[in-house]
Each structure stands twice: as C-alpha cells, then as structure tokens.
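Those sequence lines, one after another, are chains A and B. Heads up, the first sequence stops at 504 in the working numbering, and the numbers go up one at a time, no gaps. Heads up, the second sequence stops at 309 in the working numbering, and the numbers go up one at a time, no gaps.
Derived from the structure by calculation, the hints contain no laboratory data. Backbone N, C-alpha and C define an ideal beta-carbon position, used for all residues, glycine too. Watch out, some of these pointers could steer you wrong.
In silico SDA-like links for lysine to any residue, alpha-carbon gap of 25 Å or less [claimed, not checked]: (1) -6/B / 298/A; (2) 259/B / 324/A; (3) 259/B / 164/B.
Counterexamples of contact, computed for chain B against chain A with all Cβ distances above 10 Å [what the hints assert, rightly or not]: (4) 46; (5) 88; (6) 107; (7) 217.
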Amino acid sequence: MRRGAWRSFALRRRNLFGLGLALGFLLLALFADFIASDRPIVLRKEGTLYLLPNLIEYRPLRGFVAGDLRSGDWALWPPVRHGPYTIPPLADLEGPLPQPPGPEHPLGTDSAGRDVLARLLHGTRTSLGVGIVAALVQVSIGLFLGVLAGYLGGVIDVAVTRSAEVLLSFPLLLLLLAAQGVLERTTLFSTMAVIALTRWADTSRLVRAEALRVREMPYVEASRALGSPRLRTLLVHVLPNCLSPALVAATFGVGSAILLESALSFLGFGAPEPTASWGLLMANGFQDVLDPNARVLVLLPGLAIFLAVSAFNLIGEGVRDALDPRYQGDGERSAFITSDQKRKLSPMPRRGGGNGVGGGTPAT
Amino acid sequence: MALSKRLLGMVPTFLGITFIAFALARAAPGHPLALEGDVGLRAGGNTVAQMREYRRSMGLDDPLLVGYARWLGHVVRGDLGDSFRDGRPVLVLLGEALPVTLLLSLPSILLGYLLAIPIGVVSAVRPGGLFDRVLTALVFVLYSLPVQWVALMLVLAASGSAVPIQGLRSEGVRSLGDLLAHLLLPIACITYGSLAVLSRHLRSSMLETMGQDYIRTARAKGLSETAVVLKHALPNSLLGMITLFGLTFPALASGAVIVERIFGLPGMGKLTFDAVLGRDLPVLMGSITLAGLVTMVGLLVSDLLYAAVDPRISLRGKPA
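Pulled out of the complex, with its shape left as it was, chain B reads as follows (with noise of 0.2 Å):
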C-alpha cells in the first residue's frame, strides 16, 4: 500500500517528463515550407506528405494541451511512431540504443563506487592529512574538467596503441575481450565525474558520523581504530551513497551524449544528437522520454534500496 503510494506519486512526474518532450517537439519548426528546405530531413529520404501525416496523427499541430493528450495516449500504448530517417519504429530504435548506454553508465556506476569507498574512507580518518589533502585536490581537480577534453586526451594518448578508440567492436571479432577493450576508454571518460562526487559525499559522510555517539562508544570500549571505521563508521555512511544513486544516472547519461559522440558509440546520447541534428521529432520525443524516465525508476529504486537497507525508514512514512 506505501509501495503504492510511492507509485503514484511518480504520476505527475511521468506527466511533467512527458510534457515537457512534447512541448519540445512542438515548439520545433513544422511548417512544411520550413520541413521541404531542411537538408537533414531530405537527406533522410522522407517525404512530407509523411512528415505532415505523423504530425496530425500525433498530435502536434492541435493546441498544446489537446495534443498532449492525443499525443500521451499513443505513449500509453507503446506508439512512439516511426523515425523520419529510416521508418523504423522508434521503439525499436531505443531498444537498440539504451543498452548501449546501460553497458557504459552501470560498469561506470560501480566502478564510480568501488573506487569512491577506500578514497573517502581514506580521506576521512585523517581530515587534513596528507593523502586527504591530496585527494581532495584531485577531486576538485576532476570536477572542474570538460568531458569532451578528458575524452579528446584520452583519444589522443590512445591513437597508435593497441587501445581501441571507435565504435562498439572491431570489424569481424565478437569477442567479450574486444567489446571490453573498446569500452575501456569510454567508462574511464564517464567515470571520473561520478568519482569526484561520490567520494567527496562518503567523505563528508564519513566525518559526520565519526562525530556520533556511538562511534565514541565503539572507542571507549576498546576496539581497534580499523574496526571503528569499518565496522561501526562506514556501513552508517554508506547508507547515504544510496541515494545517490538515483542521481548518478542522469549526470553519466549527460556525459554519454559527448562520450558516445566522441567515440562513436550508438547509444542513447548518439541517438539523440543524430536526432536532434537531423530535427527527428518522433525519435526526439523518444528518446527524451525514455532518459527522463529511466532517471525516475533509479530515482524510485534507490528509495526501495534506501528502505530496505535502513531499518528507520520505511515506505509506510516516518517512524514513531
């Protein structure tokens, strides 16, 4: 019953995320004098018959509220229609691309946190060490880099060395040991951001429950200094992390638009910029949807994971 109260409360959220793809869309030029000089939809081989008919049958020339709705309802039932490019639905073609983005941001993810304990447990038993000092230049070193630099550095170090820097996989193999090999600079480019934030939330985390009753308590009865912090400080600091979660996903879809670009991956980024380019509404609205509500299911799953984990929060609202 909380569970689907939780539910619900997505409802506007889905409606908002919706809405504003659907305001996108209809702000784009439709006349079809604008359409017929567009080079990008020409070169896509489309006619405008086409284009006109999927903007009546979409709704995209009714008022805004009316075609929403006419719009919403196709969404419901799973019409996102066909991509002015090629035809092919788009359904289809978001099928394709998100788990290419998904084999980019969840290795990514993990990584992300993996790495971000030991720096921000590291960090915090000493607060103004050397190695805090040191690492917290590096974090805000990596949170003040362009992506698209790191991943053009990246490219560059990269060019004449075994290290692939295109595409998803090389002509002809279908190893896993190349598709790794080609992920390989990718994940690294879309890591760090994440890196940077997680560790430095653990950190400052981590410090404040080192200030916890308990934590004194852990002293005072005589355990060592590493079972204090691991055992009785990390666990409570980790809780936090989860709710990170859910937002570390549209920050690694953000920089998968230049990373994909960068290495010409097809991914959800990619697709979006081909759409964009190409001024592909139904592919756009698309695939603006599915990234917003991609964002809302972590968003929920690291509320269910938060629940879980947290023996005083419950779905059911706030403890006595």
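Bound conformation, chain A alone (with noise of 0.2 Å):
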C-alpha cells in the first residue's frame, strides 16, 4: 500500500477503531488456549514439570483433571478453567441443562453441559479462520480470473464473466447449503471450500473493470510498445495495478464469510459438532430458546460475530476510502465507487458513465 493511502487511512479514528477491533479477535484466535483451557499452562505433578499441557498432549496427564493435585504439585491455569469441548460427568451436573451463570460458570453451560465463556472464546478461532482463509482464496481466485478476463478478453473473458453471472444468479446461502448438503459431511474445510468458491464472482468482476481501466493506460501501452512479452506486461504493470480492488474485496470479503459461516453452522451444515462455532452456539440456544437459561446461548454469539464482522467491514471502508481517487480528488474513477459490494450483473448497455454503478465497465 502506498504510504499516502496509509496515512489517510490512519487519519479516520473509526478505521484504527476496526482495526485494533480485529487484531484484538486475532489474538483471541490465536490464544484461545491461554485464556479457556481444562489443562493448565505449566503444570509440575509428581516432580516433573510440564511446558503447554494446555496445548501439548502428554501421555501422563491423560485423564488429568484439576483435583488430582497433591501437595508439592503446582500449576498456573488459564483464566478460564474450562475448555471448550470438555462436557462434565453426568454425576457432577446440577439441575437442568443449560445452566445459568454462576460462579463455576459465569456464562453459563449450553445443553451438553460445555462451558459457554471457553465455548464463546474458542469459536473466535473458528469464525476468524474461516473467514480469513475463505476470503483470502476466494480474492485470489477472483484476482487471477479477472485480470485475466479484463486484460485478455476473447473467449476467456466471456467465459469468466458468464461462470461469475451463473454464480450470482443463485441464492448465495441456499447454493452453499446444497453444496454441504451433498457432501458426507460437513467439515471447517469444506465450509472454507464452498464459501471460497463461490464468492470469488464477486471479486472478479471488480477486478476485471478494473483491468479494463488499467488496460488503456499509457504505460501499459509503453511496455507493449517497448515489446515487453504478454506475460510480463500483465505480471508486471496490470496485476500491481488491479490490487486495490482486490484488497478492498478481501477485507469485505473476510466478515461476509465469517456471517456465511455462521449461518450454515446455525443450520447445521458448517462447522460440525463438536467444535466450537458461533454459529453452532446459536443453534444450540434455538434449540430451546424459550427457556431463559438459553438466551445467553442466543445474544452472546450473536454480538460477536456483530463485532467481528463489523471489525473488518470498517477496514474495508477505510482501505476502500484511502485507495479509491476519488476521494483524493485527483478524479480519476476506478472500479469501486459504489458505497455497496452488490453491483450490476448484466451485460446490458448502462447510462454512459453515470450514475457510479459499475463505473468502468463498458456498455456492450
């Protein structure tokens, strides 16, 4: 990124805002097991002192559970003492499941009897990961195709621009569901895959006006003219160039994988169980959502995944708002403009450079 565009993404106080917003769930993903874990951080039992139990398997400690140390032994625990898949023996539950909030669990049990703080935590991991690798594949999917598209055109742009229009023509969340419907089962892996390959429409058809636009710049022309191979002319001076759109398309892209991920969990058909997902924290909650002890179930992932989501969609408007040139005044129109991600489908003829609807796609 150009450090002008940088500078006047810094200069909203509201991107810096969903920025530390995001790397704050970052690092929850990345220490959930520090923070909610059965299994403590160093452990020392019977004279030997185990580094990471909480994330290291030792064959001693298998069925180790926090009562079993004696005197002499020590251990440093995580905050929570509870980890997300850990359902408690039949014996030891009181009263009817989910729990309410108390001082064993603050949030609450959900209706196995897991812990709902550890659950919440663990599933930031879930959420971001998806996210986060789905929108990553699905931009590089959509970067290369349209560049391709926009830069080459014939056949493979029609082709490109044709699978994009089929793709968009569907129902998004009803084409994901009957892609995981088909399969097996469902796994994280297969939830990354359908999104991923689905959403990548999106993202060429921004980078392919862009190409378009990049296309009749003097310096590509230049490198042409100076008999650059095609190759290089695309490699060197179109792709850099059909960046932005890209970027921006990335970062929009990671909240709406992490809402799709939550709802095809909700409907059973992402994450599997036992993992945990906000969206399948949900479904538990519907389960019996009239029940009170349920309605933490229900509010606490819901206001997450808001949270999450919201992280990234606010870097995505501020790297949108510090890429595009329009708002750096010197008016030259990319292929971005539009305030939304949904933009014009069909080939039809439009209003000559109007209205900002896929502004750079020429009528044909």
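Using the hints, put the two standalone chains together into the complex.
Given below as structure tokens:
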C-alpha cells in the first residue's frame, strides 16, 4: 500500500478502531488455549515439570483433572479453567441444562454442559479462521480470473464473466447449503471451500473492471510498445495496479465469510459438532429458545459475530476510501466506487458513465 | 428484436444454472449401499429400488454431460421427478413453496424501497450532518448483524406477546389480519439487510447527482432547495435503484432460508433445507434451479424497467 494511502486510512479514528478490534479478535483466536482451557499452562506434578499441557498432549496427563494436585504440585492456570469441548460427567451436573451463569461457569453452559465462555472464546478461532482463509482463497481466484478476463478479453473474458454471472444468480445461502448438503459430512475445510468457490465471482467482477481501465493506461501501452512479452506486461504492469479492488474485496470478504459460516453452522451444515463455533452455539440456543437459561447462548455469539464482522467492514470501508482515487481528488474513476458491494450483473448497456454503478465497465 | 437478443443472452446463464444444479446432485453420494444406510431416506419410506430407477431415468448415473443433457430434457418438458420423501411431484412442491417465499420477499422489497428513499434522501441532503452520521452508523450496524441473531432476538422479544412466532396462520383461523400478523416478524427480518444496501446506494447516487450541472442550473434559476432535491435530483438517482431490484431478490432468498427455518414457514428456504437434510435429490435440484431462474427473471425485469424509465437506455444498444 502506498504511504499516502496508509496516512489517509489512519486519519480516521473509526478505521483504527476497526483495525484494533480485528487485531484483538486475532489475538483471541491465536491464544484461545491460553485463555480458556481445562489444562494448565505450566504444571508441576509428582516432580515432573510439564510445559504447555494446554497445547501438548502428555501421556502421563491423560485423564488429568484439576483435583489431582497433591502437595508439592503446582499449576499455572489460564483465566478460564474450562475447555470448549469438556463435557462434565453426568454425576457432577446440578439442575437442568443449559445451566444459568454461576460461580463455576460465568456465562453458564450449553445444553451438553460445556462452558459457554470457553466455547465463545474458542469460537473466535473458527470464525476468523474460516473467514480469513475463505476470503484469501476467494480473492486469489477472483484476482487471477478477473485480471485475465479484463486484460486478455476474448473467449476467456466471456467464460469468466458468464461463470460469475451464473454464480451470482443463485441465492448464495441456498447454493452453499446445497453444496454442503451433498457432501458425506461437512467439515470446516469444506465450509471454507464452498464459500471461497462461490464468492470469487464478486471479486472477479471488480478486478475485471479495474483491469479494463488499467489496460488502456499509457504505461501499459508503453510496455507493449517496448516489446515486452504479454505475460510480463500482465504480471508487472497490469496485476499490481489491479490490487486495490482485490484488497478491498478481501477485507469485506472476511466479514461476509464470517457471516456465511455462522449461518451455515447455525443450519447444521457448517462447522461440525463439537467444534466451538458461534453459529453452532446459536443453534444450540435455538433448540430451547424459550428457556431463559438459553438466551445467553443466542445473545452473546450474535454480538461476537457482529463485532467481528463490523471490525472487518470498518477496515474495508477505510481501505476503500483510502485507495479510491475519487477520495484523493484526482478525479480518476476506479472500479469500486459504489458504496455497496452489490453491483450490476447484466452486460446490458448502461447509462453512459453516470451513476457510479459498475463504473469502468464499458457497455457492450 | 432487441428483446429477443436479450432473451437469447439468457440461454447460457440458464444452462449454467441448470448445470450447477445437476452437477451438485450428481456429486451426492448415490451408491445404493450409502442410500440404504441413510436415516433420512428410510424415514421417508422410499425404497432403494425407486431411487435407483430415478437416478437411472434422470441421468444421474450417466457420464456428466450425457446425464446433464438427459436431465435437461426432462426439465424443459416440465418433469422434475417426484420427491423421495413423499412421492409428490417436485413441481407441485415448488408451486406450494414459491408463493410463501414471494409473500415474504415482495412486501419486503417494497418496504425496503419505501424506507430507503427517505433515509437516503435525508442523508444526502446534508452529507456529514448529524442525521447522516447517525443513519450511516445505523446502516453499518444493520450490515453486520447476522440474520439468525436478529430473527431469534425478535422471537425472544415477541414470545409471550400477541405476535405469533411460528407458522403462516393460526390453527383454524383464515383471516388476512392473522396472516399479516404471522408475516410481521419474518418480513422485518429480511427487510433490514436490503434496507441497508438500498439506502446506502441511494445516498451515494444522490450525492453524485447533486454535483451535476443541471442541479446547479436548477439552483441558479432560484428553485427552492426542496424542489431541487425532490424534483431534479431524486428522480435521476432513483434510476440506479431499479438496477438493484434484480440483485435484491437473491439476497432476500438467502435470508429466507434462515428466517423460514426459525419461523417455521413452508417456503423455498425450508423446502431446500428439508431436501438437503433428507437427501431428497429431486427436490434439491428443482429448488436450486427455480431459485436461479427466479433471479434471472428478476434481472431481466429490472433491465426492462430500466429501459422503460430511462429514455437514454434502449435495448437496442448504446444510444448514439
């Protein structure tokens, strides 16, 4: 990113707020095992020192519970002493599930007796993991196909544009649901894959429009005139100048992938049980939605999703404003001016360069 | 002639949509042994022999392209097969489910536009003003809220009140008021997302229009600001909104999957969901195809509307 772009990004407090929020979630995701785990971070037991039993499986520690500590043993515990998957033995349960918040479980339990706080914290990992990976893959595909379509034109352009159009013709969730539904069983990997394989269409449209604009730039013409091979012109001159819309699409893509993952998991076709996923937690709360104890299961994951998605959307808006030439006042139109991510699909002639919808796409 | 060209241009899209539906169904585990072990199917009370027969006749066992051509032949003749679960024709099932989803989405589109217009106009009149900032923040929040959360919150809020939260109508009651009461929360749920998109779009296109020369002219000849905004800027900004019409539908149908599940409405979303759950291939292929087709028609309608409203656009091509 150009220095000027970063400066105009940092100029707005809400952009930095979004960035901070996203970093916070990222740290939570990375260090979830150090915040909520049923194994200590450091443990000394019977004369042996175990480092990071919360991450590493030690054979002598199988079946270890907190009460096993004798004199001379000590442990450094994470702040939340529950793992996201720990189902307490039936004998230990008091009262019906899900349990309300109490001293043992600060946010209560889900209907299997698992600690809600631990599952929420570890859910960050699922959401951000799926969101970021799906967005990166999606944008890579979209960037590749979009640049090829825009720069080379011809048959490739028609093929890419048509495929994108077909993909965008489906109600997204319906398509994802069907794609996940025909699999033997859904996994986190399949969830990322179906999101990435359907979402690239949006990105490729934005990138293609940008490539069409860049193709006509004097420096591209100069490169051609100097006799550079097509591939070199493409990689050195066209591709780097098409990165802006891809970067914007990537940040917005994380937010939308998080929303899609949570929706799919909520429907039971995303993250498989017993993954700690915000969508699954909400599904768990939905089972007995009228039970007051279950409310927290619906309320909190929803807020977590909202905050995570907002963080990436704030960054996305900031990046778009910072990179969009229109905001820097040089009057050059780029491909991603519209304030929303939806744009015109049909190759119909449009009002000539007027309303900002699909600006840069020439009428055919 | 121009229209027929536009219609002809839809053929590849149609082929693409149907191909995806077919390829998905074909990818489903279809080995008879896998089928026999499938709880969802056994519960439906269908025999494996019937399913084998379906797979054979619909081309699911043929090589991909041959099978696709065969299935497409059936589809074009209006034969989508019978449901594995209850043996009823898929076309009938779709015919029952589509109106329910339309009952949700059409009022929702209408409501979305009706609310988005004042919001967009007011925000654009004073960009950066207090009202604009509050609305921008609000819209931003709406963007990022998961539908299932909003729906469940509404269910929680309405539980115990008189507003119904399940189904399409109450037991034994057949009045319009009752139906509307049942639709109230679901429509609210799927409207908020499109409201956010539409109002943002109108705001930005209003801002762009306000910078045009003819607006300066209108101001220069002494028109009041209200007249400038409502008579000169708004109509031109609305043109762009029409193109969004075709795009709103798939978004609404996506939302409908979750909303119909939470509120127990027998629409397209629930039909697809149940079909996926029960591995009901004929219904699954049918509903995906239909969803794609409806969107395609929506895009066509918005193109036609656009051409009808804006004299500068014609289906014949770029005006000279």
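Checked hints:
Between residue -6/B and residue 298/A, the direct Cα distance comes to roughly 16 Å. Compliance with the 25 Å bound is thereby established for this hinted pair. Taken as a hint, the residue 259/B and residue 324/A pair is honoured in the structure, with Cα atoms around 21 Å apart against an allowance of 25 Å. For the hint linking residue 259/B to residue 164/B, the alpha-carbon distance of about 24 Å falls within 25 Å, and the restraint holds. For residue 46/B, the condition that its CB be more than 10 Å from all CB atoms of chain A holds, with the nearest at approximately 20 Å.
In this structure residue 88/B is separated from chain A by more than 10 Å, as the shortest Cβ-Cβ distance comes to about 17 Å. With a minimum CB-CB distance of about 18 Å to chain A, residue 107/B clears the 10 Å threshold, and the non-interface call stands. Chain A leaves residue 217/B outside its interface by the beta-carbon criterion, the shortest separation being 18 Å against a cut-off of 10 Å.
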